Amino acid sequence: MSERTTSPIDFERSLVDWLEATAPDREPADLLGRVLETTLVTRRRPGWWKPGGPAASLWQPRQMIGRTLAVAAVLLLLILALAVALAVGSRPQEPLPLGRPGLIVAGRLGELLLVDESGAVQRRVPTGEFWGYGAWSRDGTRLAYADGAATDPFLVVTNPELDEVARIRVPAGTVAAFSWSPDGRQIAFGVVTETEGQIYVVDAAAGKVPVPITDSSIDARAPSWSPDGSLIAFRAGVSINTQALFVMQRDGTGITRLSQQARAVVETCGFPWTPDGRSILFETRFAGVWAVDRDGTNEREIIGGTMDAGCPTVSPDGKRIAVNVGTERGMRGWIVNLDLVIGDVNLVRLHTEVPGPLWDRLPAVWSPDGRSIGVNGRVLDGGPMPRLIVDPDGVRPARTFFIDNAVMIGWQRLPP
Amino acid sequence: MQRETIERAMAGDHDAFAQLAAGAIRSMYATARLIVRDDAAAEDATQEALVNAWRFLSSLRDPDRFDAWLYRLLINACRGQLRRSNRHDVIDVDVADLSRQSADPGVELADRDQLERGFRRLDAEQRAVVILHFYRGYSVPEVAEIVGIPLGTAKSRIHRATTALRAALDADARLGAAAEGSRA
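Chains U and W supply the protein sequences, listed in that same order.
Under our numbering, the first sequence has 433 at position 411, and the numbering climbs by one with no breaks.
Under our numbering, the second sequence has 124 at position 73, and the numbering climbs by one with no breaks.
With the rest of the complex left out, here is chain U (with noise of 0.2 Å):
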């Protein structure tokens, strides 16, 4: 029996022309339209922007002073004016205090980990076949995550020190994005199959299997609870055209579209609520970071048109986002003033950009008390993936470790 091994030459040969055949011969008939249709009315960036370079290059350049000034004068007005619509307005309700940072839970593939701040992991607990993303309940006293296999899930809860104290067998599927009620009593949570997504609500202590409350037919994914606990945000759609942000009652009725402008609206980084529980922001396909209001009304841009932002999540505060936004060096990430964004008109002024490593394409995580970020980092060269506790207002230096490429994703609100 012989066995052929192809010459450098041959294989190269074989490659090229394998990638020529593969390669289509045209790009889609309206792909250049709609590209020169979007840069007609896409703002272009002055030459001394320097996408992701330092905020600060915003309003130091002394050229800019001047027409600082009148831009300035100009969101003056247009806070006041929004003050005064506030006032009149919807009442918030109060945000959530303040708290201290516990314990940051962090997942990889088979494993979540409980580290703290300075990166040092405390508790390790396996979990089968899926990623160990956990999520704290709002009094950060327990924790949820799925252990088994897709085949055989399980929904765990357990306390801080990683003792079960419930397992819940739950249809088979990807099990995933957990969202606690904020009263501390119920989950909601995903299961993903190959055809469809449906979300369920389950007692923290039962042992039952749970229930869908959406169709499979809608595709339902990603829920998240208001603070109110009144209503669960959460994407649905079959076709990319049609997924959109929606909102129903904790028990699947009385399903709402709020999204009606934004692009096809991305279930990954999850739907953040501002901490008033008045409005919910989502990242669409390739059209950036949206707002709207719990009722639909107000639907906004954040982070604009056809930029590549995504994965926002809001400070406890609520006065703050984070965001991940692409720029031709990569993903950077940026700290944005969520006060200033004012209906439709992106007004949004860059706090800060984050230094450091890039960014990957996953939510900040928000310390308890707003003083520090979680950040998820990349490297391009392979390596370890840096992880990072940075300074939202840049003062701090950011402390950097590596956590076995395990990925944070959210931190325990001890009481103030």
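Think of the hints as simulated: they come from the structure by calculation, not from any bench.
Here the structure is a predicted model, which is why all the values come from computation and not from measurement.
Quick reminder that beta carbons are idealized off the backbone N, C-alpha and C, glycines included.
Heads up, some of the hints might be wrong.
Said to hold, decoys possible - Short, incomplete list of chain W residues facing chain U, as computed with Cβ under 7 Å:
(1) Ala72
(2) Tyr80
(3) Glu99
(4) Val102
(5) Trp105
(6) Arg134
(7) Asp164
(8) Leu166
(9) Arg168
(10) Leu173
(11) Arg217
Assemble chain W onto chain U, guided by the hints.
Positioned in the frame of chain U, the structure of chain W alone reads:
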């Protein structure tokens, strides 16, 4: 001519940018399609790269490096598309690929199949350097500049990727030979 068009586009001339985009979009889409192996993701990556090119064109320092810069934007966009796809596990085998391949007499059917499988096992970074080098014809230093990595890293990445692909082909050959042996 090209440089003059680039400079006009850098100055904000949208017609000039349209010329540049029309000239580049076919090869950009083909490159993106080869990297991400998905029509919709390739469309989005191409559109994203061109829109970002328009947004940031005024910050381009050297008009002569426009092509490399444009492909750098494209590679970044492809990385983003692949990360999203990987999290969803929705990289599907494209039947159209196989039909296109079967018309090509230059590559054996088994090789095509193994190349496809081997290629899907490469990560985004390895796919990018292979395609830029072997399909787009960029030199290794140019690949390093486009991808934004040191020259040595580019060399080793191309080497590792081609080694993996060759291993896929050779493994197929060994399997074929073993099958013949067992039948005999």
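Verification of the supplied hints:
no.	hint	verdict
1	Ala72	holds (6 Å)
2	Tyr80	holds (4 Å)
3	Glu99	holds (6 Å)
4	Val102	holds (4 Å)
5	Trp105	holds (4 Å)
6	Arg134	holds (5 Å)
7	Asp164	violated (10 Å)
8	Leu166	holds (5 Å)
9	Arg168	violated (12 Å)
10	Leu173	violated (12 Å)
11	Arg217	holds (5 Å)
Comparing the model with each numbered hint stated earlier shows that hints 7, 9 and 10 do not hold.
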